[in-house]
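Peer 1: Fit chain U to the supplied structure of chain H, relying on the hints for placement.
Listed below are the residues making up each chain.
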Amino acid sequence: DAGITQSPRYKITETGRQVTLMCHQTWSHSYMFWYRQDLGHGLRLIYYSAAADITDKGEVPDGYVVSRSKTENFPLTLESATRSQTSVYFCASTPGGITDTQYFGPGTRLTVL
Amino acid sequence: QKEVEQDPGPLSVPEGAIVSLNCTYSNSAFQYFMWYRQYSRKGPELLMYTYSSGNKEDGRFTAQVDKSSKYISLFIRDSQPSDSATYLCAMSGAGGSYIPTFGRGTSLIVHP
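Protein chains in written order, with my numbering: chain H, 1 to 113; chain U, 1 to 112.
No lab work stands behind these hints: they were computed from the structure.
As the structure is a prediction and not an experimental result, all values here were calculated from the model.
Accuracy of the hints is not assured; some may be wrong.
Looking from chain U toward chain H, a few residues come up when the C-beta cut is under 7 Å (computed) [claimed, not checked]:
#, residue
1, Tyr39
2, Gly43
3, Leu46
4, Ala94
5, Arg104
Each residue gets a CB set at the ideal place from its N, CA and C atoms; glycine is no exception.
Only chain U is shown next, with the shape it has when bound in the complex:
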């Protein structure tokens, strides 16, 4: 079992839908949680970053961390075709390590 589990999808939704992307993890010591967006044939780019539990909102994006359940989510409101990409979760901070552990990524397709 990988330390970070993420459903690869693809997840296909109509434009305007609310999208929920999720990751589960096994190491309860993780403290920092990140979401990266990766367009086709590009490098990942940081989308959201949260520390410990709670919610963080940035425009149409909300990141949620539930450490008791070892579960993190990324919500995208009013999804757009330009949101079509692969979304990777990542987490770090276990045992003082700053090296993130990545999920495999979820492919999202938003169709007009």
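Extracted from the complex, chain H is given alone in its bound form:
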């Protein structure tokens, strides 16, 4: 299917485990983003990428790692999950340029026990 997809949609894990959230887009958009959404905080940017092999930190990067070896994929890894990382994670992409329109995936709901 065309668009932006995330997997898994739901994940329960335990403190200290490594977790990888996947994001895939079919538009060949330049920019990709990872956000977390929590009550009271809204959307907070974790990491973003301007192109393959180019990534940069956002507002809340601690405890997360990203990579982007291919334009269409942008995985987010929690190297050692903590309870404070329980959240809903959204991936987004944008073609870049003047429009700045972001297209969001359906989200991954992560619970860390």
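Peer 2: Frame of chain H; chain U shown alone:
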């Protein structure tokens, strides 16, 4: 103080009402202003996009930007129960950055 302020609500209105959703911001350099709609357990989707000051209309939705007051609004006419969602404002373009800064979102409930 956050760069973008938005009342979380909830805002509850009867069907058919005119709804006004608002955001204020502190960075006068923002140039692009967006409204996203987010249904429960879904990702945000772009609703309206405006550049600089002025109004933009799309069907029942009107987006308004007042840069002198650093204030943006989204008006929904003839509101429907299907408009019940969280509405997030976002803005970008300050200092050449294309990364939007989001408000926390306002929860809207339109009851029949």
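Peer 1: Work down the list of hints and note, for each, if the structure agrees.
Peer 2: Okay, the hints, checked on the actual structure:
1. Tyr39: At about 11 Å, which exceeds the 7 Å cut-off, the nearest Cβ of chain H leaves the hint on tyrosine 39 of chain U violated.
2. Gly43: With Cβ-Cβ at 3 Å, under 7 Å, it holds.
3. Leu46: This hint holds: leucine 46 of chain U lies near chain H, its Cβ roughly 5 Å from the closest one there, short of 7 Å.
4. Ala94: With Cβ-Cβ at 12 Å, over 7 Å, it is violated.
5. Arg104: holds (4 Å)
Violated hints, listed in ascending order, are 1, 4; each of the other numbered hints is respected by the structure.
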